[in-house]
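The listed protein sequences derive, respectively, from chains X and W. First residue of the first sequence: 1, per UniProt numbering; consecutive thereafter. First residue of the second sequence: 1, per UniProt numbering; consecutive thereafter.
Derived from the structure by calculation, the hints contain no laboratory data. From the three backbone atoms N, C-alpha and C, an ideal C-beta is built for every residue, glycine too. Incorrect hints may have been included.
[To be verified] Now the in silico label distances, taken between C-beta atoms and shown as ranges: (1) K143/X - W180/W: 38 to 46 Å; (2) E146/X - V167/W: 27 to 35 Å; (3) T23/X - R18/W: 47 to 55 Å; (4) L241/X - F258/W: 25 to 33 Å; (5) S83/X - I143/W: 44 to 52 Å; (6) K12/W - S243/X: 46 to 54 Å; (7) Y164/W - E195/X: 37 to 45 Å; (8) F50/W - M130/X: 29 to 37 Å; (9) E113/X - I143/W: 35 to 43 Å; (10) S8/W - K143/X: 34 to 42 Å.
[Stated by the list, open to error] Computed, partial: chain W to chain X, Cβ under 8 Å: (11) R116; (12) P141; (13) I143.
[Said to hold, decoys possible] Listed next, the stretches of chain X that the computed footprint assigns to chain W, with coverage defined by at least 3 CB atoms under 8 Å from CB atoms of chain W: (14) 9-18; (15) 21-33; (16) 146-156; (17) 224-235.
The residues making up each chain are set out below.
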Amino acid sequence: MGYKAKFRIWRGEGGEGRLEDFTVEVNEGEVVLDVIHRLQATQAPDLAVRWNCKAGKCGSCSMEINGKPRLGCMTRMSTFEESETITVTPLRTFPVIKDLVTDVSFNYQKAREIPSFTPPADVKPGEYRMQQVDVERSQEFRKCIECFMCQNVCHVIRDHEENKPNFAGPRYLMRIAELDMHPYDVAERKESAQEEHGLGYCNITKCCTEVCPEHIKITDNALIPMKERVVDRKYDPLVWLGSKIFKRQR
Amino acid sequence: MTQTTAESAARKQRAQIRVRTLRTDRWWLAPAFTFAGLLLFLIYGFWAIFDKSYFVDPYIAPFSSPCLATSCPEGARLFGLAPFGDWYTLPPGILILGLPGGFRLTCYYYRKAYYRSFWLSPPACAVAEPHGKYTGETRLPLILQNIHRYFFYLAIVIGLILTYDAVLALVHKPAGLGSWILLANAALILCYTFGCHSCRHITAGRLNHFSRHPLRYKAWTLVSKLNARHQQFAWASLFSVMIADLYVRLVAKGVINFPFA
Numbered sequence: 001m002g003y004k005a006k007f008r009i010w011r012g013e014g015g016e017g018r019l020e021d022f023t024v025e026v027n028e029g030e031v032v033l034d035v036i037h038r039l040q041a042t043q044a045p046d047l048a049v050r051w052n053c054k055a056g057k058c059g060s061c062s063m064e065i066n067g068k069p070r071l072g073c074m075t076r077m078s079t080f081e082e083s084e085t086i087t088v089t090p091l092r093t094f095p096v097i098k099d100l101v102t103d104v105s106f107n108y109q110k111a112r113e114i115p116s117f118t119p120p121a122d123v124k125p126g127e128y129r130m131q132q133v134d135v136e137r138s139q140e141f142r143k144c145i146e147c148f149m150c151q152n153v154c155h156v157i158r159d160h161e162e163n164k165p166n167f168a169g170p171r172y173l174m175r176i177a178e179l180d181m182h183p184y185d186v187a188e189r190k191e192s193a194q195e196e197h198g199l200g201y202c203n204i205t206k207c208c209t210e211v212c213p214e215h216i217k218i219t220d221n222a223l224i225p226m227k228e229r230v231v232d233r234k235y236d237p238l239v240w241l242g243s244k245i246f247k248r249q250r
Numbered sequence: 001m002t003q004t005t006a007e008s009a010a011r012k013q014r015a016q017i018r019v020r021t022l023r024t025d026r027w028w029l030a031p032a033f034t035f036a037g038l039l040l041f042l043i044y045g046f047w048a049i050f051d052k053s054y055f056v057d058p059y060i061a062p063f064s065s066p067c068l069a070t071s072c073p074e075g076a077r078l079f080g081l082a083p084f085g086d087w088y089t090l091p092p093g094i095l096i097l098g099l100p101g102g103f104r105l106t107c108y109y110y111r112k113a114y115y116r117s118f119w120l121s122p123p124a125c126a127v128a129e130p131h132g133k134y135t136g137e138t139r140l141p142l143i144l145q146n147i148h149r150y151f152f153y154l155a156i157v158i159g160l161i162l163t164y165d166a167v168l169a170l171v172h173k174p175a176g177l178g179s180w181i182l183l184a185n186a187a188l189i190l191c192y193t194f195g196c197h198s199c200r201h202i203t204a205g206r207l208n209h210f211s212r213h214p215l216r217y218k219a220w221t222l223v224s225k226l227n228a229r230h231q232q233f234a235w236a237s238l239f240s241v242m243i244a245d246l247y248v249r250l251v252a253k254g255v256i257n258f259p260f261a
């Protein structure tokens with residue numbers, strides 16, 4: 001059974017704009033993105049929204065629904081009361097291009113700042129031999145669909161634009177952790193995680209984990225282990241002493 | 001003169017929504033409960049430190065264990081020893097509460113809890129924080145959170161002492177209800193302590209080759225199971241230690257005086 005739902009949608013360009021009210025038909029089994037597409041088809045043909053797979057795997061349709069970062073294609077209309085007004089806004093941390101579409105190039109810039117996988121010089125491609133247990137920890141992080149909702153919700157940059165140059169954000173700190181945990185990566189990543197990519201800004205309030213549509217345990221499995229590795233490197237004199245006595249690689 | 005910075009220009013490119021949040025759920029409930037729970041613990045702890053009814057044979061209140069001075073009753077002293085001698089006359093809790101207190105204060109879970117509920121940084125996800133500036137754990141004093149692992153080592157010692165206290169009470173004939181309360185508390189504290197993120201790192205988290213260290217990897221998987229419930233153990237042990245401590249004090253004061261108490 002269909003019903004008429006009340007929507008408030010952010011309309012505007014370059015930050016200037018307002019919330020506009022719409023009443024739109026909703027049918028059984030639909031998701032928020034379906035309703036936005038119906039709005040485009042019937043009432044607002046110029047409403048801009050980014051989308052692609054409609055299956056929760058491309059990360060394109062990230063938006064804020066009733067104030068929470070969500071994927072439009074994975075948010076069922078059945079989770080709302082029929083009488084509820086549903087507010088849809090663009091991601092709040094990034095500049096608005098138009099309506100619900102934001103410029104997420106901040107994330108691509110941060111991705112480029114991380115040195116790529118660096119194997120030992122004497123190991124050639126095809127010679128890598130790894131046990132499953134050695135790689136499965138970092139495989140969790142490769143589930144990331146780059147929806148950038150963790151970047152969007154992180155208060156370090158969401159509430160403080162001035163921190164953007166110094167903070168890579170949870171998605172890219174997770175990338176650093178993934179590479180640092182890789183058995184064949186030899187690049188120095190601990191010190192740079194703290195000094196260049198702003199790991200110390202993270203106060204582990206776990207919002208990145210809460211919003212991740214792939215349910216990656218970003219904080220527990222990437223950010224905190226990375227913080228502990230930085231402690232090894234920078235703040236633990238016992239580890240330093242051990243590395244001197246036993247000549248272990250730090 | 002008002003200076004227009006690149007940041008403020010960039011900020012204006014975002015959707016200009018003036019409300020603090022558009023969330024419609026009761027996002028304030030979790031930080032409010034956390035605030036109340038932690039405040040209760042602080043108030044109780046402050047009272048317990050100065051309360052003198054901390055020992056009744058065979059029980060010693062967890063907030064006052066180990067008792068390390070000659071001012072402690074003889075049965076309350078750890079292994080009968082009093083390394084702090086006569087000069088220390090303050091309540092025994094003052095000597096040792098900094099150790100488990102420091103462990104909880106720097107714990108990754110509690111950091112989340114109090115950053116959200118006390119410092120509102122942020123109070124909840126996608127709810128704007130009230131602070132104009134944020135530097136996180138990059139400078140003093142919050143950079144000191146990195147000493148968590150040292151408190152972890154000390155917390156192991158305290159956890160084992162509380163276990164010893166519980167076992168000592170349990171082997172006492174007849175073993176009363178208090179022995180089981182102390183034992184349950186010690187078990188929860190050990191689960192909380194060994195599920196700590198630092199413990200997870202020390203066992204094998206710092207390694208990149210699990211396959212070369214099968215025993216450490218096994219330990220890591222066990223700690224990871226506890227770690228997945230770290231929040232639950234943090235709260236359960238917080239309340240269990242208060243309950244166990246209060247129970248012993250009420251027995252010592254004679255308020256609880258039924259047989260096998």
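### Message
Given the hint of 46 to 54 Å, is the C-beta distance from K12/W to S243/X inside that range or not?
### Response
holds (49 Å)
### Hint check for E195/X and Y164/W - Cβ pair distance inside 37 to 45 Å
Given range 37 to 45 Å: holds, Cβ gap about 44 Å.
### Query
Lying within 34 to 42 Å: is that true of the beta-carbon distance S8/W to K143/X?
holds (36 Å)
#### Entry: Beta-carbon spacing of F50/W to M130/X - inside the hinted bounds 29 to 37 Å or not
For F50/W and M130/X the Cβ distance comes to about 58 Å; the hint is violated.
### Message
Using a Cβ cutoff of 8 Å, are there at least 3 residues of the stretch 9-18 of chain X near chain W, or does the coverage claim fail?
### Response
It holds, with 6 qualifying residues against the three required.
### Cβ separation of T23/X and R18/W, checked against the hinted range 47 to 55 Å
violated (25 Å)
### Task
With respect to the beta-carbon atoms only, verify the hint that E113/X and I143/W lie 35 to 43 Å apart.
For I143/W against E113/X, whose Cβ atoms are near 23 Å apart, the range 35 to 43 Å is violated.
### Query
Are there at least three residues in the stretch 21-33 of chain X whose beta carbon sits under 8 Å from a beta carbon of chain W?
violated (count 0)
### Task
Against chain X, run the beta carbon of R116/W and see if the smallest gap drops under 8 Å.
For R116/W, the interface hint holds, since the closest Cβ of chain X sits about 6 Å away, which is under 8 Å.
### Query
Cβ-Cβ distance between S83/X and I143/W: within 44 to 52 Å?
Holds, at about 49 Å.
### Message
Interface hint check: I143/W, Cβ to nearest Cβ on chain X, cutoff 8 Å. Holds or violated?
### Response
The hint holds - I143/W has a Cβ within 8 Å of chain X, the shortest such distance being about 7 Å.
### Query
Per the CB criterion, is P141/W less than 8 Å away from chain X?
violated (13 Å)
Of the numbered hints listed earlier, those contradicted by the structure are 2, 3, 4, 8, 9, 12 and 15.
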